[in-house]
Amino acid sequence: MLNVSANTLRAWERRFDYPQPHRTPGKHRVYVYGEVAALRDALRDGLSISSAVSRARESLRSDTHILVGALASFELERADGAMEAALAMRSVERTVEEVLLPSIAELARRQGTDSAAWAIGCRWATEWLRRAQRMTPPPARPGALLIGDATHDDLDPDAPFVRALELAASRTGIRVVTIPVANRSGVAELLTAVRPGAVVIAGGHDSDDEVARFAYAVRSAGGALPLALFHRHAAGGEQLSATPSLPELPSEATALALAMLDGQALPATRNRRLGS
Amino acid sequence: MNTARQLHAVPAPADSGPLSLFCGHCGKPPAEDFDLDAGSRVCTRCNLGLLLEAPESIAPKPDEAFLIVDRSLAVCALSRKAEKLLGMREVDAVDHHVTELLVPADAESQGPHALSALLVAAATDGGQEGGGKAVVRPADEFGVRFNARIGPCGPTPGALVVLANG
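First to last, the protein sequences are chains A and B. Position 250 (the first sequence) corresponds to 250 in the working numbering; numbering is contiguous. Position 112 (the second sequence) corresponds to 388 in the working numbering; numbering is contiguous.
Honestly, the hints are just simulated from the structure, not real lab data. Watch out, some of these pointers could steer you wrong.
[Stated by the list, open to error] Chain A stretches covered by chain B per the calculated footprint, using a threshold of three residues with CB under 8 Å from any CB of chain B:
| id | stretch |
| --- | --- |
| 1 | 36-48 |
| 2 | 256-264 |
[To be verified] Going by beta-carbon spacing under 10 Å, a handful of chain B positions derived as facing chain A:
| id | residue |
| --- | --- |
| 3 | Val-318 |
| 4 | Leu-349 |
| 5 | Ala-350 |
| 6 | Pro-414 |
| 7 | Phe-418 |
| 8 | Ala-440 |
Where a beta carbon is used, it is the ideal one built from N, C-alpha and C, also for glycine.
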């Protein structure tokens, strides 16, 4: 497409941080078609690679502007269209992390989370993510992740991130089960059926006490399981202070969650196990 | 009353003379095995610049610093030597107005407008025959002056500013 060598692409990646390829498990670079196509178009009339990269980035960012505009004006069909257009240029994971989540954050910043636009937009986003998750293939690899949902409801600002984590983890082929941390009754039967290899507490609304009771119930029924936090900014109490936090981006959090399932200790912080 | 518009003679675009090819990053001419018809203008020497063309009299020598601006006077490229000379990375300079990097340093010049006019003329209709000249200095820095050669470059129309120590 670009008529340049692999060395040139790697040089651009180092200097301009663009294009940003994914890595396969074998560490091979996989480029996103949309990024490369946007760069090809920009290079055609460009005076430098720097300015072409800048224009290519701008053209990719325009998807976010369109989505924010559509949600702010309650035009949900246009929002669906913006996501379709974004998906034509990116993978599902990158569409979620580069378009959907930034747009929702921008909507919250502009309109406030007490606005009608937030109510409509946030609910649309969580429904979009749930729909995408329903369309993922059935679990194809061993391992299950239990997510303790500590968000308030679908309008909690962390809710789209938790849904995005569910989607990202599901797309890796593992089984993902989410229950609110308050729904502890019958958790033993759930653990017997699912047999999760790790637990993630996601969201910052529910109190540390509530989360600790959930952790106790899981420990009592499932034994010591690796535990990590996701988007739990308020966690500062002693009960969870030693628990590792996953990165904010769902794809990065998923990668570490998979490492937990494989029995690896999480970096930087102590990997606390439930009941240990 | 005759309302017909009067026709005026307009100057023809300057005759650019023979053109020279150079890389917009390293400033070097294309490698001997470079094939322009292969569909890519990326410099195979440094991999970080596009090959541009400019009149031979204005095109930078390999050891000269230069920058490229477009018709809106936004910086499009900063050569490797210009990055060192101006203390700024190309990626930080791109899309900024040229006067954020360079301002006129000639006491007799007519201010930034004269420099802007030279650049716009070069980027749109080729500018003066043989290229324009200006004395410039880095913005917010005094005591450093450069003699600048200003002329057109392409293939996409742009203005080339070659800096030589004043």
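Right, here's what the structure says about each hint:
{"no.": "1", "hint": "36-48", "result": "holds (count 5)"}
{"no.": "2", "hint": "256-264", "result": "violated (count 0)"}
{"no.": "3", "hint": "Val-318", "result": "holds (5 Å)"}
{"no.": "4", "hint": "Leu-349", "result": "violated (13 Å)"}
{"no.": "5", "hint": "Ala-350", "result": "holds (8 Å)"}
{"no.": "6", "hint": "Pro-414", "result": "violated (19 Å)"}
{"no.": "7", "hint": "Phe-418", "result": "violated (28 Å)"}
{"no.": "8", "hint": "Ala-440", "result": "violated (21 Å)"}
Hint compliance for this structure: hints 2, 4, 6, 7 and 8 are not met, and every other hint is.
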